[in-house]
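Q: As you go down the protein sequences, you meet chains S and V in turn. Its first residue numbered 30, the first sequence is counted upward by one per residue in our numbering. Its first residue numbered -15, the second sequence is counted upward by one per residue in our numbering.
Note that these hints are calculated values from the structure, not bench results.
Below, in silico cross-link-like pairs of lysine-lysine (DSS-like), each with a Cα-Cα straight-line distance of 30 Å or less: (1) V:224 with V:71; (2) S:117 with V:108; (3) S:172 with V:303; (4) S:114 with S:282; (5) S:61 with V:108; (6) S:172 with V:-5; (7) S:175 with V:303.
Computed from a predicted model, the values in this text were never measured in an experiment.
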Amino acid sequence: MSELVSMPSPGRIPDRDIDKSPILETHHLGIKFGGLVAVDEFNVMIGRTEIAGLIGPNGAGKTTVFNLLTNVYTPTSGTILLDGKDTKGLKTYQINKRGIARTFQNIRLFGQLSVLDNVLIGLHNSIHCSLTSAMLRLPAYWKSEKVARERALELLSIFDMQDLANNEAGSLPYGAQRRLEIVRALATNPSLLLLDEPAAGMNPSETSELMENIRKIRDMFQIAVLLIEHDMNLVMGICEGIIVLNYGRIIAKGPPEEIKTNPTVIEAYLGRKKEG
Amino acid sequence: MNEYKRISPSKRFLINIVLVIIFIVVGTLLTGGDSLSRASRALILQIGIYVILAVSLNIATGYLGQLPLGHAGFMAVGAYSAALFWKATLNMPTPVSIVLGLIIAGLIAAVFGIIIGIPALRLKGDYLAIITLGFGEIIRIAIINLSGITGGTPGLLNVPKYSSFLVVFLCVAATIAAIHFIMHSRHGRAILSIRENEIAADSCGVNLTYYKVLAFAMSAFFAGIAGALYAGFQGSLFPKSFDFMASINILVMVVLGGMGSMLGSVIAATVLTALPLVLQALAAYRMVIYSILLIIVMIFKPSGLLGRYDFSLPGLIEKWMNRKNKPGKEVANE
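Produce the entire structure from the sequences given, and follow the hints as far as they go.
A: Take a look at the structure:
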């Protein structure tokens, strides 16, 4: 047993096309909950247009890393540099304004609002219209709303969802809800997109479509993507770099080929072979 | 299948404006002259005031998703501010004094909303309910003890009776229009997103504290205006009118009508204000009927009479235009 995946990974963007200057750098990032060390010594660098994967067994601390990056949890140690600038002391919404957008493992849409409204809320900080001009319906309101609506529909069309714009977000089928979360995250104009198990609950054909779309998003928006995923076909298929986490520590880092054959990784996933 | 026809947002806006003007003109004509008895005049004014109170509380409960129990406190702040202002400016031209008094009442109440909102909105659910309940009582006790200014328990008397039909109608229309317009802008969507999912709103770049306090301040602002109208309607103010039960009455209207539905609040405020008069013979059982009504609604329609449905004439016209093709589940946009 030397490989994690049976399928050969499909073609990837060659290394020379990947801009290596990092959008995200973390140094000695860690968090303790009381005596429990959830994440420790997390050091990574993610390129500006890189698609990176964060994998590891259940409970390894993957989602905690996302929560640290977006300051849902405040790190107890270490620094996060986003585009070379420290994000210490910024609140979650400010980090979003600086360029990190995310989706959630358990979908968190604004369920009772329309699909369009969900995307418009993502566009919140790019709509410029004061409270007064909204209340008095001044020209600034009409103009900003029109631009925002057009932009929202344009973003929805990435996933071919523009016809669903007036449906209730909570009534969409599961896969569409996951896609809508990605659109909403993209609407905030991020430079780094964090996807938490984007393929969870999707069938193989939906998954391969999702892979295509993640690549398409990276190419279109020229952004970095960091994704948590258990589907190894997807991870090995689109990630240029993979980070493996176990018990809150990085146990391996590197391109997919290396990770697939790394004995520590295999041990973390499958356990050690008994001697004798 | 045919394309689903839509009315553009600006046309919807025009339709709404026409509707508001019709409402004001018809309302003024109907109530003008001597066609109405004194009792029914008083009732209509009272309904108007309670409609403003209910739709203003609906901002905090229905749209923001919090449960404040001190709405009468904001109303009291507005009532006393306006009453004192009006008493001090009797020699000013009346219309100017009325408008300034209303604005001052709203602004002072909004300031109180911000002061109470900043600490209170760090809490959730029942904790927020208790802290706002406490606030409402503090206001009432403060009014009793500041008897030099507010008249204390014996009351503040001889407030000019400025709340004419026109003033109340205009205030009702302006309040509903302003809330509607704000709720359909980026600010309103941000408030709704907090109700739907705080963590997601936060990571979409919505400043939670700002928008919670904004919603609270708006809620207090319009409650303050309603308070001012109440002062101008009664002609005298007593701290007893702003006790805990007053807050609960307003909350009952919002819950009964459907949290998040402006039309629901309007209907419930109308019915529940008129009900005691209709049931005058049974005055002693008013609270019993109230409670039974609430229990029935909560059992059979927990989301309130109208749920989150909001009336939209343009929406109805749109449906009529598209009567031949059936769309999927739609959410009202305007």
